[in-house]
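J.: Protein chains in written order, with the working numbering: chain A, 12 to 125; chain B, 466 to 580.
Some hints here could point you the wrong way.
Claimed, not checked - What the simulated footprint calls covered on chain B by chain A, stretch by stretch (three residues with Cβ under 8 Å from a Cβ of chain A suffice, anywhere in the stretch; the number is not a length):
#1 506 to 513
#2 543 to 552
As the list claims (entries may be wrong) - Think about it this way: if two alpha-carbon atoms lie no more than 30 Å apart in a straight line, the pair counts; the simulated DSSO-like pairs of lysine-lysine are:
#3 B:Lys485 to B:Lys506
#4 B:Lys479 to A:Lys67
#5 A:Lys120 to B:Lys506
#6 A:Lys82 to B:Lys520
#7 B:Lys529 to A:Lys53
#8 B:Lys479 to B:Lys529
#9 B:Lys485 to A:Lys53
#10 B:Lys506 to A:Lys79
#11 B:Lys485 to B:Lys529
#12 B:Lys485 to A:Lys82
#13 A:Lys82 to B:Lys531
#14 A:Lys79 to A:Lys67
#15 A:Lys79 to A:Lys120
Since the hints were made in silico from the structure, they are not lab data.
Just so it is clear, CB atoms sit at the ideal spot from N, CA and C, and this is done for glycine as well.
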Amino acid sequence: GESVGLHLPTLSVQEGDNSIINCAYSNSASDYFIWYKQESGKGPQFIIDIRSNMDKRQGQRVTVLLNKTVKHLSLQIAATQPGDSAVYFCADSTYGAGSYQLTFGKGTKLSVIP
Amino acid sequence: GAVVSQHPSWVICKSGTSVKIECRSLDFQATTMFWYRQFPKQSLMLMATSNEGSKATYEQGVEKDKFLINHASLTLSTLTVTSAHPEDSSFYICSARVPAYNEQFFGPGTRLTVL
């Protein structure tokens with residue numbers, strides 16, 4: 012993920028609409044990417060992952076797209092619901108210190124308008 | 466499966482005291498655990514990687530003498546913030562990696578407030 016900023020980008024969507032959250036990463040050696048959802052005062056929750064040999068992966072109501080050429084990742088949430096309101100982080104995985112480590116992006120706050 | 470717990474969930478302490486935070490993998494053995502720190506409205510920053518039975522590897526800029534990490538068993542890692550100061554107030558999150566997989570499972574976090 013990119014370096015940490017002092018403010019969180021926000022995205023407001025109407026309930027039922029689709030949401031697209033974007034993320035850029037900097038390490039071209041990263042081969043595994045994950046999207047996490049973090050609700051206020053809680054730890055990150057795994058949403059979906061994708062390996063570098065894929066460019067698209069679908070889950071339940073979520074799709075992750077990977078563009079390695081421009082080092083860009085996106086998360087699409089279909090039919091966004093109020094329960095989707097949270098901060099979303101992308102993370103990329105690289106090997107270091109004897110294990111695979113995650114580098115988190117700056118995060119995007121998603122607010123769903125009922 | 467793959468549940469990680471942290472204790473305490475929040476703690477308030479006086480400046481100069483030490484605080485210990487526990488991270489447990491409840492239903493799997495974690496050879497590697499990670500500690501992160503998260504300031505308000507910011508991202509998670511990796512502090513250290515802890516492999517069971519060996520010394521933790523700290524990220525650049527993280528003082529190993531201030532943030533003591535012990536990973537004595539396959540299900541428990543502890544982070545001790547020594548001589549805590551108000552600037553150490555943060556949300557501390559641990560994660561554990563399932564062996565043979567890249568995926569990390571995160572604990573619920575511990576909110577530390579140093580007065």
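J.: So, for every hint listed, does it hold in this structure?
T.: Hints, verified against the model:
Beta-carbon proximity to chain A at under 8 Å applies to 6 residues in the segment 506 to 513 of chain B; the threshold of 3 is reached and the given coverage holds. With 0 residues carrying a beta carbon less than 8 Å from a beta carbon of chain A, the segment 543 to 552 of chain B misses the three-residue requirement, and the given coverage is violated. Distance check on the hinted pair: Lys485 of chain B and Lys506 of chain B sit about 24 Å apart at the alpha-carbon level, within 30 Å; holds. A hinted pair counts as satisfied when its Cα atoms are at most 30 Å apart, and Lys479 of chain B with Lys67 of chain A does not qualify at roughly 49 Å.
In summary, the hint linking Lys120 of chain A to Lys506 of chain B is supported, as the alpha carbons are separated by about 9 Å, within the 30 Å threshold. Restraint check for Lys82 of chain A and Lys520 of chain B: the C-alpha separation of about 34 Å exceeds 30 Å, so the hint is violated. Distance check on the hinted pair: Lys529 of chain B and Lys53 of chain A sit about 26 Å apart at the alpha-carbon level, within 30 Å; holds. With a CA separation close to 21 Å, the supplied pair Lys479 of chain B and Lys529 of chain B stays within the 30 Å bound.
A C-alpha spacing of about 19 Å is found between Lys485 of chain B and Lys53 of chain A, which places the hinted pair at or below 30 Å, so the restraint holds. Taking the CA atoms of Lys506 of chain B and Lys79 of chain A, the gap is about 28 Å. The hint holds against a cut of 30 Å. With a CA separation close to 14 Å, the supplied pair Lys485 of chain B and Lys529 of chain B stays within the 30 Å bound. Taking the CA atoms of Lys485 of chain B and Lys82 of chain A, the gap is near 39 Å; set against the 30 Å cutoff, the hint is violated.
With a CA separation close to 36 Å, the supplied pair Lys82 of chain A and Lys531 of chain B exceeds the 30 Å bound. Between Lys79 of chain A and Lys67 of chain A the CA atoms are separated by roughly 11 Å; this keeps the pair inside 30 Å, and the hint holds. For the suggested pair Lys79 of chain A and Lys120 of chain A, the alpha carbons sit about 24 Å apart, so the restraint of at most 30 Å is met.
Checked against the numbered hints listed earlier, the structure breaks hints 2, 4, 6, 12, 13; every other hint is satisfied.
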